[in-house]
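Trainee: Here is how the chains run, residue by residue.
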Amino acid sequence: MHLQRYLPVIAAVLAVVVLHLALSVADATYYMTQITMSAYYALVVVGLCLLMGYAGQVSLGHAGFFAIGGYASAALTTSNLLAYQHTRPIAFCRSLGLLLERQDLYGTSILSFSPWLAFAAAMILAAFIALIIGLPVIRLKGHYLAMATLGFGLIIYRIVLAADGFGKADGIINVPPFRLFDGLQVNGRAPFRVQNYYIAWTVVIAAMVLTTNLIHSRIGRALRSIHQSEEAAHSLGVNTYRCKLCTFILSALFAAAGGALLTHYNGSIGPSEVTVMKSVRYVAIVAVGGMANLWGALLMGVLLNFLSLRGVFGTYDDAVFGAILIAIMLFAPDGLLRMPRLAWPPFLASRRSHG
Amino acid sequence: MAEILLQTANLDRYFGGLCAVKDVSFTVPRGVIKAIIGPNGAGKTTLFNLIAGTIPPNHGTVFFRGRQITGWKPHSVAALGIARTFQTTKLFAHMTVLENVMVGRHPRTRSGFLAGMLSLPRIWREEGDSKAKATAILENLDLAEYASEIASNLPFGRQRLVEFARALATEPALLLLDEPAAGLNIYETKELADLILKIRGQGVTCLVVEHDMSLVMNISDYVVVLDQGRKIAEGPPRDIQRNPDVIRIYLGDDHAQHP
Chain A
7 MHLQRYLPVI AAVLAVVVLH LALSVADATY YMTQITMSAY YALVVVGLCL LMGYAGQVSL
67 GHAGFFAIGG YASAALTTSN LLAYQHTRPI AFCRSLGLLL ERQDLYGTSI LSFSPWLAFA
127 AAMILAAFIA LIIGLPVIRL KGHYLAMATL GFGLIIYRIV LAADGFGKAD GIINVPPFRL
187 FDGLQVNGRA PFRVQNYYIA WTVVIAAMVL TTNLIHSRIG RALRSIHQSE EAAHSLGVNT
247 YRCKLCTFIL SALFAAAGGA LLTHYNGSIG PSEVTVMKSV RYVAIVAVGG MANLWGALLM
307 GVLLNFLSLR GVFGTYDDAV FGAILIAIML FAPDGLLRMP RLAWPPFLAS RRSHG
Chain B
919 MAEILLQTAN LDRYFGGLCA VKDVSFTVPR GVIKAIIGPN GAGKTTLFNL IAGTIPPNHG
979 TVFFRGRQIT GWKPHSVAAL GIARTFQTTK LFAHMTVLEN VMVGRHPRTR SGFLAGMLSL
1039 PRIWREEGDS KAKATAILEN LDLAEYASEI ASNLPFGRQR LVEFARALAT EPALLLLDEP
1099 AAGLNIYETK ELADLILKIR GQGVTCLVVE HDMSLVMNIS DYVVVLDQGR KIAEGPPRDI
1159 QRNPDVIRIY LGDDHAQHP
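From first to last, the protein sequence lines stand for chains A and B.
The numbers in the numbering used here rise by one with no breaks, and the one at position 7 of the first sequence is 13.
The numbers in the numbering used here rise by one with no breaks, and the one at position 250 of the second sequence is 1168.
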């Protein structure tokens, strides 16, 4: 049983490698750029799937958390600290190796926080904001929660659009690559394409292993029980409020991590990442994947974002995701992967209640 | 007299202008089966909700195992040893019977989010224990054959038993049963009576809200009668059956014999 739960992990690893080989053979490795980006977007979707599909709580504000991760990383790694380099805190950070020195396109020296520090700060900030927002709103149910999270997303959007420090409508550019270890860096330039394809997938698959473990644990059972009857779960000793709040924070962390990594990969982030339609898109993808179906969410997250990034939907991009959401709710509320009630192979059928 | 397990003192609960429970005080000694009866709308389920923490009382206190638990949240009440079933069964419909019962192990297990995500070895042990305990409870209630069934696929009578099993998995000292016989036929009701006696025999005190008078009179040691939110009588079933006030609320004035 333990092994069975990791079968999709093994399948995913194989699929990633096979896809790489296939693209190499077809001489189409340029697709890997969009696949890498899609993988980071899929991270948001996976976190949201945990919140929506398992804990049964809607969030229409996940683009906000994505933006918190992305903008925090971008702001900390692009702000020039050169003028403050002799102040005590900055000098102290420098001695600890927490700063990054580089030169921009025009040869200006820039001294900024290192991406590692920025990433950690972004995660802490995202968790803190999710906690502050979650404390009151997670008490709400159904559309009230949807409205409240929608409001949160709108606030973040307006802040990003209005604040000078976040570049207003232009966003933040010249975000440096994220050097993970020697030789490994999150960097969107062509020579790093293959490396980044694997970095992104390593992150995503690690996230899948963590969430798969979680949904099969005591907490996962508690989350599913909250989804199916909150009152009964509560009466059986499940601290429903705390479980939902922790899941909300966890899911916000996934979104923020996706945002931070994608920002380093792209080298920039702009307000288009923070629009309400982005949040709706994540919700639509979770719905297409089948709500309580992590692997479905991942698959659809990568596929639909890839098509969107390739421009397949053209100027109707947002409209397509809106239409997808309507169509799924009407015709396949269990998600596309479960739509035709096909005969499932027995080993899958028995696991359907787990996703 | 046995130790007092549960005590309510002067409980009041209003819904707007409606007084659902008014000045209700009673005690439940350890090891008994106590029934709460009364006409529809007498406040029985509200009283249960006050005890289980689903809603707080406007006035009054609830003591359990000597601790004041007034206003505690349901999960804390459950952790202290009160489990309940619902008037309309609230199973986790898409989970298996075994998983339903394993949720009942929640307050007796510890592993959290981080341990769950990392699947630490101590989780495996805890999961194994939970599964073993849940299985034992299912066997005890003759439900073992349904362990891997999806809960909503079970016949109604069995679903009710699964709800029992789930509540027992929390290792309660006090079990609150809200109309356990509702919707059961007479054979199932007979089985239910045996089951409640068996559960009591295993050391679980039971407080039962019930409409089925024969069930109440057969199994309970004490009966509390509520009418319009007030306690109007309390005593052994034999006395309650003869109580003129009780006869009046159930059958009308004509039937009440005044001594």
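Please note that the accuracy of each hint is not assured.
Below, simulated DMTMM-like cross-link-like pairs (lysine to aspartate or glutamate); rule was C-alpha separation at most 20 Å, straight line [as the list claims (entries may be wrong)]:
#1 K991/B with D176/A
#2 K1008/B with E237/A
#3 K1008/B with E1067/B
#4 K1108/B with E1089/B
#5 K1116/B with E1097/B
#6 K940/B with E921/B
#7 K1049/B with E1097/B
#8 K1049/B with E1067/B
#9 K1008/B with E236/A
#10 K991/B with D340/A
#11 K1116/B with E1057/B
#12 K1108/B with E1097/B
To be clear, the hints were calculated from the coordinates, so they are not data collected in a lab.
Since the model is a prediction, treat every value here as computed from it, not as a measurement.
Trainee: Determine for every hint whether it applies to the structure shown.
Mentor: Each hint tested on the structure:
{"no.": "1", "hint": "K991/B with D176/A", "verdict": "49 Å, violated"}
{"no.": "2", "hint": "K1008/B with E237/A", "verdict": "8 Å, holds"}
{"no.": "3", "hint": "K1008/B with E1067/B", "verdict": "16 Å, holds"}
{"no.": "4", "hint": "K1108/B with E1089/B", "verdict": "24 Å, violated"}
{"no.": "5", "hint": "K1116/B with E1097/B", "verdict": "18 Å, holds"}
{"no.": "6", "hint": "K940/B with E921/B", "verdict": "26 Å, violated"}
{"no.": "7", "hint": "K1049/B with E1097/B", "verdict": "28 Å, violated"}
{"no.": "8", "hint": "K1049/B with E1067/B", "verdict": "15 Å, holds"}
{"no.": "9", "hint": "K1008/B with E236/A", "verdict": "9 Å, holds"}
{"no.": "10", "hint": "K991/B with D340/A", "verdict": "33 Å, violated"}
{"no.": "11", "hint": "K1116/B with E1057/B", "verdict": "13 Å, holds"}
{"no.": "12", "hint": "K1108/B with E1097/B", "verdict": "14 Å, holds"}
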